[in-house]
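Asker: Next come the chains, spelled out residue by residue.
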Amino acid sequence: MTIAENLFENLRLELRRGCLTLAVLAELRREYYGYTLRKALAQRGLEIDESTLYPLLRRLETQGLLTSEWREEEKRNKRFYRLSSDGEQIFAQLLDEWQAINASINSIL
Amino acid sequence: MELLDRYLQAVKKHLPWQRQDDIIAELKANLESQLEDKEGELGRPLTQGEAEDWLKQLGPPIQVAARYQPQRYLIGPAIFPIYWYVLRLALTWASIIYSIVVAAQLLGGQIPSGDSLLEATLHVPVVLLTTAVWVTLVFVGLEFAVKQCPEKFKGFPLPSSEWSPASLPAVEKVASNGKKPRSYAQAVAELIFGFLFLAWLLLIPQHPYLLMGPGAAYLRVSPFQLAPVWIQVFWCCVAVNIVQLGWHVESLLRGRWQRPQPVKNIVVKAIGLIPLAVLLSARDHASVLLKNPLLDQARLGEVLRNINRAISGVAVLICAIVVIQLVWDFAQMIINANRRRAVAMQ
Numbered sequence: 001m002t003i004a005e006n007l008f009e010n011l012r013l014e015l016r017r018g019c020l021t022l023a024v025l026a027e028l029r030r031e032y033y034g035y036t037l038r039k040a041l042a043q044r045g046l047e048i049d050e051s052t053l054y055p056l057l058r059r060l061e062t063q064g065l066l067t068s069e070w071r072e073e074e075k076r077n078k079r080f081y082r083l084s085s086d087g088e089q090i091f092a093q094l095l096d097e098w099q100a101i102n103a104s105i106n107s108i109l
Numbered sequence: 001m002e003l004l005d006r007y008l009q010a011v012k013k014h015l016p017w018q019r020q021d022d023i024i025a026e027l028k029a030n031l032e033s034q035l036e037d038k039e040g041e042l043g044r045p046l047t048q049g050e051a052e053d054w055l056k057q058l059g060p061p062i063q064v065a066a067r068y069q070p071q072r073y074l075i076g077p078a079i080f081p082i083y084w085y086v087l088r089l090a091l092t093w094a095s096i097i098y099s100i101v102v103a104a105q106l107l108g109g110q111i112p113s114g115d116s117l118l119e120a121t122l123h124v125p126v127v128l129l130t131t132a133v134w135v136t137l138v139f140v141g142l143e144f145a146v147k148q149c150p151e152k153f154k155g156f157p158l159p160s161s162e163w164s165p166a167s168l169p170a171v172e173k174v175a176s177n178g179k180k181p182r183s184y185a186q187a188v189a190e191l192i193f194g195f196l197f198l199a200w201l202l203l204i205p206q207h208p209y210l211l212m213g214p215g216a217a218y219l220r221v222s223p224f225q226l227a228p229v230w231i232q233v234f235w236c237c238v239a240v241n242i243v244q245l246g247w248h249v250e251s252l253l254r255g256r257w258q259r260p261q262p263v264k265n266i267v268v269k270a271i272g273l274i275p276l277a278v279l280l281s282a283r284d285h286a287s288v289l290l291k292n293p294l295l296d297q298a299r300l301g302e303v304l305r306n307i308n309r310a311i312s313g314v315a316v317l318i319c320a321i322v323v324i325q326l327v328w329d330f331a332q333m334i335i336n337a338n339r340r341r342a343v344a345m346q
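If you read the protein sequences in the order shown, they are chains A and B.
All letters in the first sequence, in the order written, are residues 1 to 109 by this note's numbering.
All letters in the second sequence, in the order written, are residues 1 to 346 by this note's numbering.
No wet-lab data here; the hints were simulated from the structure.
Predicted, not measured: the structure shown is a model, and the values here were computed from it.
For glycine and all other residues, C-beta sits at the position ideal for the given N, C-alpha and C.
One or more of the hints may lead you astray.
[As the list claims (entries may be wrong)] Covered stretches of chain B (in silico footprint by chain A; criterion: 3 or more residues with CB under 8 Å from a CB of chain A, positions within the stretch not fixed):
| hint | stretch |
| --- | --- |
| 1 | 52-64 |
| 2 | 80-91 |
[Stated by the list, open to error] Negatives, chain A to chain B, calculated, CB over 12 Å:
| hint | residue |
| --- | --- |
| 3 | 19 |
| 4 | 21 |
| 5 | 34 |
| 6 | 49 |
| 7 | 62 |
| 8 | 68 |
| 9 | 103 |
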């Protein structure tokens, strides 16, 4: 990887990091378990590695933005996540922020 | 699938023990669902090679487990700038205090000997390293405390309300020659090399080959020897170096390593003339003598005179060059000062 490619990759990851959190919070207004959430995001064009998404879910839950419960589905125990009430508030604020940034960027461009 | 179980077992070993069963159960459920989908698409179980490729794509177990760990720092980004500032200050003060203690010990005791000065100089890195370790340990402890009790350290390291723009230092003067100002790392590197040079200098009397290389062996067998004036020249060089190092440390301590210091540069050059002046003050400019004058005077007297004449000639030449440089630097300093004054008056 050249220096320019490396730089681009670092900036891309930085840009994606916040967006992924927002996308995960948005998608978890419905209940999902890890793998189906990953598939749902991929179907909407947002591919996330397993090693990024699953720890992110844990982190968001620790921060109180998600709730989870273990439940049996298709003869297998799975951990289902959804947005908590605190998560809903934070998500609404983040969404406003993101839309404002998006509008600013669009007007700049 | 046995390979998946082996993979999960390897991940588990790197997870925090309180949460490892929970994490592995969730990861297993997710990966098994993914595996089912893959096998459903293919209409058959994955071959060994395909399973290996899939797990390889997930990443090495240690990396996967690391993502579940909280971000850890010994010293975090909030505290690091203060740590770096305190470390620089502590290292500078440690150098000064150590130099003062060593100087007091040498002056209070017997005549400074090369060995004791050398020993003290070689001990400098140990002193600096010990200081750095202690400062680092204190800040690691502080980071830990802030992380454990964030309520007690609310607003740490500095509450924003206590900061005032009025407390900012005055704008620093830019180098008149337009050169990039010296960085702290550059100033510290110069200090370290200064100490190393002093150590090298102090080793020369015991190990002349450090200065003369193979020529040192010739000096032992040759009919010539260095005159006693060289001992005075040597200690003058040591003293000049110590003074320069002291100034260097003072610049670092006062945070002035970036500022141009024309007066100090001129003084440093001027005191650099002292060893040369001492050499030239030798009686009859005799900086080299014969080991056995009675035996060799007739045979080597003329050679000796030529050697001494050459040495004193070179010393005079160097003196002249340094004096010209001094005059030039002094003139530049005056011109720059006048320019600044003119600009200020406009």
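Asker: Compare the structure with the hints numbered earlier in the document and write down the numbers of the violated ones, lowest to highest.
Answerer: Of the numbered hints, 2, 5, 6, 7 and 8 do not hold.
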